[in-house]
Amino acid sequence: MLAGLTIDALAARFRGGEATPSDATRDYLARIEALDPGIRAFMTVTRDVALAQAAEADARFKAGAPRGPLDGVPIALKDLFCTRGIPTACGSKILERFVPPYDATVYQRLRAAGAVLLGKLNMDEFAMGSSTENSAYFTTRNPWDLGRVPGGSSGGSSAAVAAGLAAASLGTDTGGSIRQPAAFCGVVGLKPTYGRVSRYGLVAFASSLDQAGPFTKTVADTARVLQVIAGADPMDSTAAVVPVPDYLAALGGGVKGLRIGIPREYFIDGMDPEVERAVRAAVEVLRGLGARTEEVSLPHTEYGLAAYYLIGPAEASSNLARYDGVKYGLRVSGGRDLVEMSSKTRAAGFGREVKRRIMLGTYALSAGYYDAYYGQAQRVRTLVARDFKAAFERVDAIVAPTTPGVAFKVGEKEDPLQMYLNDVFTVPVSLAGLPGISVPAGFTLQGLPIGVQVIARAYDEPTVLRVAHAYEQATDWHTRKPTLEATPR
Amino acid sequence: MTEPRISREDVQHVARLARLELAATELVRMQSELNNILAYIDKLRSVDTAGVEPTSHAVPLTNVMREDEPRPSFPLADMLANAPEAAGDFFRVPRIIEE
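Which chain is which? The protein sequence lines are U and S, in order.
At position 149 of the first sequence the residue is numbered 138 (my numbering), and the sequence of numbers has no breaks.
Counting the second sequence from 1 gives a position; my numbering is that position plus 979.
Incorrect hints may appear among the rest.
[Said to hold, decoys possible] Straight-line Cα separation of at most 20 angstroms, SDA-like style, residue types lysine to any residue; simulated pairs:
no. : chain 1 : residue 1 : chain 2 : residue 2
1   : S       : Lys1022   : U       : Glu291
2   : S       : Lys1022   : U       : Asp360
3   : U       : Lys316    : S       : Ser1052
4   : U       : Lys378    : S       : Leu1040
5   : U       : Lys402    : S       : Tyr1019
6   : U       : Lys82     : S       : Ala1002
7   : U       : Lys333    : S       : Val1072
8   : S       : Lys1022   : U       : Tyr359
9   : S       : Lys1022   : U       : Leu410
10  : U       : Lys333    : S       : Leu1006
11  : S       : Lys1022   : U       : Gln407
12  : U       : Lys333    : S       : His992
13  : U       : Lys316    : S       : Arg1071
14  : U       : Lys333    : S       : Pro1073
15  : U       : Lys316    : S       : Met1058
16  : U       : Lys316    : S       : Gly1067
17  : S       : Lys1022   : U       : Ala374
18  : S       : Lys1022   : U       : Gly259
19  : S       : Lys1022   : U       : Ala361
20  : U       : Lys378    : S       : Ser1035
Don't read these hints as lab results, they were simulated from the structure.
Produce the entire structure from the sequences given, and follow the hints as far as they go.
Quick look at the structure:
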């Protein structure tokens, strides 16, 4: 069985000649066919593309010239990364028939490294949501309990890796959309520093916050994927011209003597006591490994979410103005003029949450409210970022819960505001543009995964990965796998 | 509940600005949901931000320049392939000028 292995284990088999990329790809496709009818992580399975790409990788290994640690490794992408000739619907009806004419930079880079594309993964519409329930197509199920959500918005990406349906996947994180689903599904999920990874070819949600990153089974695999996707891009002026360090080399450092801050505002009334216990136990593990832990304060944490729910929608209302029924996507005809056609198209093409955020953002930016809402949110964003800056004068990394609770039941959170509260511990990091990772930190008595978050200074992914790796190697949470049975299609 | 933060007329006005046709039932629900969210967001008012500069972008950016060299664009056919309606080399849209 090759499906479900780490990137590292697959690469070792390819190098040792025990298996070929085609063997692995066929194995993953068979597993997807058996298990995905129950999990529903995939929007599109790109069988022919995958088999053709795998055959090319076979040839490279045969010639003794593989391209690196990702060569021949089957991966999958959240359905908002543009893939030439392969539908990219972004969870929305408005993009149901959209077939991108070009590849996102991150996909180009994964292809250049030899990775094999298994398909595109389900998500909340336009990445707005925390459960995939806002997908216009279907809800992805949590592999640990099919009655529960996988988190979101990158829920297809986290579920696919947790269920062994892809060796790695990419998602995007605007306010927690990588870290929260990683925590809910018991896998590793990294949101890199804003600007570390190119956004070219991503369907835009909130441009000052969106960032792409990997889901994998181990921290070392995350380092391998980040190595390939990180770095400046002439097609994205916000992809920073900052050197990309050797992320795998950074893993070995250990945490001895490292100063780790525990933010007191991240342990709040109403959070799941099992989550709090697991995170506090994780801190003890790091202390046992020689880290110096101390309490820090991030006093504006409680305002982060409110600021985010103005800034995100404001940017989204502008980004989503492009869906006007003219250039691509859905058109509802019958309107008397252009405005009416666009208004009808957008009414039919967008789901409830997307409409809500467009409305909220348009309102916050409209005359008379701009300064009270949007301006104030941007000033609060400054204060949130300053909190982290002050904390990082005393500590090298911050360790906190990823989410206040664990995966909830499908249909359990009907009130939009209750859904938003899921993001309370991930949003401040996004507002400050910092790197954050979620790593498995245990299970509840019911058997649901818990995540712990590691945060560091901008571009300090090496420290994020080093702390996460040290913790992971001292525990065995990442080795556990959900029990899954084939569901008849 | 105090005075609603956003009135029915506000919702209609914003929907027009956002080019969203909302059915009557949607309008009612939208007003109530937006009011709930805005009530939560109101906690921002209690933050003292006097003298605090707004942040529009997490990472400081200055202008990113490149040489002004012509490069090939995407082929026209590729760009029109996703259009709901095209005519010749153009996107086709409903009338935009009054008769």
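For the pair supplied as a hint, Lys316 of chain U and Met1058 of chain S, confirm whether the alpha-carbon distance does not exceed 20 angstroms. holds (8 angstroms)
Restraint status (C-alpha distance of Lys402 of chain U to Tyr1019 of chain S at most 20 angstroms): holds (17 angstroms)
Pair hint Lys333 of chain U and His992 of chain S, alpha-carbon separation not exceeding 20 angstroms: holds (16 angstroms)
Given the proposed pairing of Lys333 of chain U with Leu1006 of chain S, does the C-alpha separation stay at or below 20 angstroms? holds (15 angstroms)
Is Lys1022 of chain S close enough to Asp360 of chain U, meaning Cα to Cα at most 20 angstroms? holds (15 angstroms)
For the pair supplied as a hint, Lys333 of chain U and Pro1073 of chain S, is the alpha-carbon distance within the 20 angstroms limit? Given pair Lys333 of chain U, Pro1073 of chain S holds - Cα atoms ~13 angstroms apart, limit 20 angstroms.
Run the distance test for Lys1022 of chain S versus Tyr359 of chain U: straight-line Cα separation, threshold 20 angstroms. holds (16 angstroms)
Between the alpha carbons of Lys316 of chain U and Gly1067 of chain S, is the straight-line distance 20 angstroms or under? holds (14 angstroms)
With the threshold set at 20 angstroms, check whether the alpha-carbon distance from Lys1022 of chain S to Leu410 of chain U stays at or below it. holds (14 angstroms)
Hint consistency between Lys1022 of chain S and Ala361 of chain U [alpha-carbon to alpha-carbon, up to 20 angstroms]: holds (12 angstroms)
Against the 20 angstroms threshold, does the CA-CA distance of Lys1022 of chain S and Ala374 of chain U hold or violate the hint? Cα-Cα ~18 angstroms, so holds.
Please verify whether Lys1022 of chain S and Gln407 of chain U have alpha carbons no more than 20 angstroms apart. holds (16 angstroms)
Consistency note: the structure conflicts with none of the earlier hints.
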